[in-house]
Structure formats: C-alpha cells, structure tokens
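A.B. asks: What follows is the residue order along each chain.
Protein chains: 2
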Amino acid sequence: MQIKDLGEFGVIDLLTRMVVDQRASSSNGKTFSLDLSVDTGDDTAAWSAGAKAVTDLFTTDTMVEGVHFTRETTPWEDLGWKSLASNISDVASMGGLPTYALVTLGLPPETEVLDLESLYKGMLQISNEYGLAIVGGDMVRSPVVFITVALTGAMQGQPMIRTSARPGDLVAVTGHLGSSGGGLKLMLENPSERGEAADFLMRSHRRPRPAVTVGQSLVESEITTAMDVSDGMADDLSKLCRASGVSAKIFADRLPVHPILKNRFPHDSVDLALGGGEDYVLLFTGSPSKVNHVVSGLTGGAAVVGEITDGEPGKVTVVDAQGIEIPAGNRGWDHFGPAQA
Amino acid sequence: MQIKDLGEFGVIDLLTRMVVDQRASSSNGKTFSLDLSVDTGDDTAAWSAGAKAVTDLFTTDTMVEGVHFTRETTPWEDLGWKSLASNISDVASMGGLPTYALVTLGLPPETEVLDLESLYKGMLQISNEYGLAIVGGDMVRSPVVFITVALTGAMQGQPMIRTSARPGDLVAVTGHLGSSGGGLKLMLENPSERGEAADFLMRSHRRPRPAVTVGQSLVESEITTAMDVSDGMADDLSKLCRASGVSAKIFADRLPVHPILKNRFPHDSVDLALGGGEDYVLLFTGSPSKVNHVVSGLTGGAAVVGEITDGEPGKVTVVDAQGIEIPAGNRGWDHFGPAQA
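Chain order of the listed sequences is A and B. One point on numbering: in my numbering, the residue at position 76 of the first sequence is 76, and numbering is uninterrupted. So the number in my numbering is just where the residue sits in the second sequence, counting from 1, plus 1000.
Because the hints were derived from the structure by calculation, they are not lab data. All figures in this text were calculated on a predicted structure; none of them were measured in a lab. Incorrect hints may appear among the rest.
[Unchecked claim] Each computed EDC-like pair below joins lysine to aspartate or glutamate, with the alpha-carbon atoms no more than 16 Å apart:
#1 B:Lys1290 <-> B:Glu1193
#2 A:Lys249 <-> A:Glu196
#3 A:Lys262 <-> A:Glu220
#4 A:Lys262 <-> B:Asp1013
#5 B:Lys1121 <-> A:Asp13
#6 B:Lys1121 <-> A:Glu193
#7 A:Lys121 <-> B:Glu1220
[Claimed, not checked] Far from chain B by the CB rule (all over 12 Å, computed), these chain A residues:
#8 Arg17
#9 Arg23
#10 Asn28
#11 Gly29
#12 Asp43
#13 Glu65
#14 Thr70
#15 Asp90
#16 Gly106
#17 Val135
#18 Ser142
#19 Gly175
#20 Phe200
#21 Ala303
#22 Ala321
Positions of the beta carbon are idealized from the N, C-alpha and C atoms, including for glycine.
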C-alpha cells in the first residue's frame, strides 16, 4: 500500500500510534525537569522550562515549490516572510511568543544568489517585526526548492490546545477569512490585475500577519482551546474536532469576510472563507458566556462562526441562516490523497 | 550569479552576514531571560534556559535522496536512525543531551507505507536508546524524499564551540575515522560482499553511534573547543580552523583507523579517514597538557591527530611521519560547487 492510498490522516494516525506505542519517555528531558505537556498532534509541542512558570514551545513547518507555492504567485522575499509566518502562527495559536528559528534550505545549484538574498530579506523582516532571531540552519542541494523552519517559542500560562473542545462550546475566529485564498485565486486568474482589491488580496496572500498578540490575549482570557487557520477554516475546524472527539456546525452567514473580498469575488467568498487557507487567524472555542465576552473585548475584532456538537469526531457541517445544511465545496486538501468528500 | 558559483562557504558567509547585520536582537527571548550564547555557525545554537545553570541547545540537519543517501546503500530503517544520529551528534559535540525532536518528511505520494513504518522504526530505536522523544513534525508531498530533523538539547556547564582553537593547541579525535566511508565504498563497489569486514563497515555507515557520553566527559574535563566529524575529518577540521581564524596540521600516521578498515582497504584507509565523512566521532582541541591528559583518561579511547598553527584561517595540511606535506586527496565536498582543491 502506498501513502496516497492511506491519505494524510491515515499516515499521521499510523505514525502517531507508532510513536506513542514504541517511544520510551524522554529520559534526558526529565534530567533537566523538562516535562512534556503537549505531545505530537497539536500546533506545537510544549514542555515546562524547568524552573519558573515558563512553557517552551517547539514547532516546524515546510514549504515545497510546486506544492505549497510557485515562483509566479510567491516572489522570493514573500516566500521568506511566509515560511516563518506559518511557524509563528503555530506558536501564536498556543498563546506564546516566538523566540529562536533554524532555517533549512533545499536549493538547486542553479538558484540565483540575488533570489536567495531576497528570501533572507523577507525572513529578516518578519523576524525583526515579531522579535525572534534566526540562529542557524542547514543548506542542502535539492532538485526542488524547499524551506523548512523550526521555531521555538515560550509562554507563561496554560498553552491552548486542540483536544479540549466540548459540545455546547461556541466557535470563534479572530480575523477575516478567505482573503489569502482570494489573493491566490486572483493571481492565478488575472495575474496582471492591479488596483486596491488586487493589492489588498495579494498582500493578504503574500504577507500574512500571525496573530501573536491576539493569542496572548486569549490565554489571558482563559481560553483553553485554539488552533490557527492554515489549511482552510473548515478543514482546520475538522482537525480540532477530530482531536477533541466532537463534531461542529458552521453558520455560513456569520463567516467574517472582508468587504473587498466579498466585492471582488461575490460568488466565491464563502467558499474561500471555508477552504481558502493561509489566513493565519486563530480559531478558538469555549463556553458561550466566555466566548461572547472575549469576542466583544478583542481589540482587533473576532466573530462567532459556529458551535461544537456531539457527533462523529471531526465531522463539520455548514448551515445557512435557516439552519439548513449546505454543501461546503472543496474543504482544504489532502497532502497525499485525492480531495476529501 | 548562481549559488553553485559562490560555493557553500560563499553562500553561508553571505547569509550569515545578512543575519548578523540586519537582525534585531531577539526581544522575545529576552522576555524569558533566554540569552543567546552560541549564535549561527556552530554545531548548535545555544542559550541560557532562564533560571538554573542549564543551557538550551537547538540544531537541525537534513538528508535528501540522491544527495545524502540512496535507497540501495541506506535501507529505510537505517535512514531513520541516521537522520536522527546526525542531529544527536551535533548536540553531543556541544556536550549536551538530546531532548525533543520534530521530524519533517518530504515524500512522493507513491511511497510505500511499509517503508515509512521502517523509517519510523529506525528513528524510534535511536530515540529510545539516546533518551530523546519525537514530539511532532510535518509531512509534505515532494518529488524527492527528504528528512529534516530539528532537535533540542540541554546541558549544564559551558558548551564546546568552534571559535576557540588557538595556535599551539593539540587536535584529537574520540574514535575511529573512515569506517563509515569504508562501508559506503564497499557497498558501491561490491554490493553483494558479506563477512566480518563487510558487516562491520556497513554497520559503521548505517548505524553510526553519536558520542553523547564522550561529549559530556569532555565538558567535565573543561575542554572548550569541539565539533563532530560529519563531512570528513579534514573538511570538518578546516571549518573549525576557519571559525577560530587559525590553520592546522594533521599527522597522517596518527589517524586512528580501525584494523578492519585498514585490512579491507589498505591503500585507501588514510584517504577514507581524512575525507570519508559520517564518522560522528568528536574532534576537539586544547593545550597539549590538557589534551594529553584527557586523551589518556577517556574510557572509549581517543587519539591526538594534529596541532593548531598560525596561518590562513581554515587551511589544513596533512604531513607524514617525517613532517613532509602530502596531498590529502579529496577532502569532503562542496554542497553546491565543484570539489574543493
């Protein structure tokens, strides 16, 4: 059997089972009182930092040319920005601050030096803006460009995880959905379009801004369940539900779509909001009273978009204003197999 | 200009300059008293762990199919072992213990599930043996197999670095050189060979054992300069010399070559010891009195193989028993450019 037959979830389940069943505990970590508190399967791993009430966070994310980006839609400088942004967003979704990064570059020998400089320029821009430091990495020859970033983070308080959503919880998001997907769609369909809408949407795709401050606010408000929206809101909510053993309902009419996106893609904005991906806003759940309180207090804005229900783990349905189920279109995608139903 | 014209050192220099010049300090790290003590350019990055006399270590290493391994010479289970071994060795060369690992797999959709299980089996074997825990990762579609491991470590005491070698220091290594390279050579030339020599050499290539305990002993003995031998002893010593701004001389007749390697490849054992790579022993320097004392005390054995001299930074010459310079053959290799002189 090949991994494309098993699909992404199947492969991850298999490997997670192996790791959990066959792994001895980290005896070295314990030597330094580094007790693991969040294991494989969440946005980051987390462990106590020994002394003090600090938790260490640890995550990694990869972009492969032709799979996660093309040079046409993502210039090198933006690629540098985005390769760190996806990792910073994982740290943000736990409620932490990013600290140190290692950058691994897989490059064909024909890569232009100027392009490489642009890549690093973008990485340094976002590093400086978010207060983290690149402290090394690895560079290897590869027939295809890939960038892997490993990032540490730190936080005080309880990391927000994926496994604690409960039926009756409300589901909220901390910013607009679909703008990044709209930018990609626009570049693929009308690469030469310019103007306010094109600028806004392309910028949303190329320069996403991870929600680090928002993540800290959520932790301070005692939100305990969160993840970031990277693969598409419906797909990511499904992952959160799967981790928590619950289902969810999304109210299509409450999805926060930016007016520019709605105006430029009036027929597609809901699909883009549900499945566009790379929004890097945070998705969180909690009791109705708590979520309503937090949503009204967040300075950058947030919106209730659904609720957690009993049911098949990971099942997400989308309903209209009358509560009637509507097909959700293409919800994210499978890294190895065919698109999911 | 393309990166193959600039060569590996040129590219690394360029990016290091950019990072150092344009990087703001890690303001987030400082929030948690995580002060960076070893920056980009060493085997790992290192920072104080906040409270307690603990230093955090952080490293990453990548293997790409067709560049760092082929499926013929490295079966999947061994590939799993080796992908972690090279990272553990970096932590060992600082004097630390490996703690937590994230594994990124780039895989073609046609990858066999059984092969993936074998890969993880090898990773879990070395993880359990060395007391670290795999706590997550990322999996992406890629036309070529690559494995990136990011590893944290921790230590008490002063990390051993590359920049502190001084003229007059002796250079020593903590185990046999060239056995891994001999294993690769044997598999490429006589893939069907079996017997004691083939078993030993192939095992040296496929199941290297990072020198974690030895690294700790060196730190306890107050050795301050070390790195691991991964690209070949001559090439790695050259990197250490470059980082320290010194030259070095290697005594060819003192290179510790295992009798099996010497017997199986009598004409090539010195070249393999100098340039074979993936030995994962430690290379360290220090004053003659200190190095001689440490070498005689290490239970696993160690050998003085050269000395640090004044001269062009990074220049390494190889001399025979009479002190006459001999050509060193192919000393390691450049990831992007032609073989070095």
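A.B. asks: Does the structure break any of the earlier hints, and which numbers would those be?
C.D. replies: Of the numbered hints, 1, 2, 3, 4, 6, 7, 8, 9, 10, 11, 12, 13, 15, 16, 17 and 18 do not hold.
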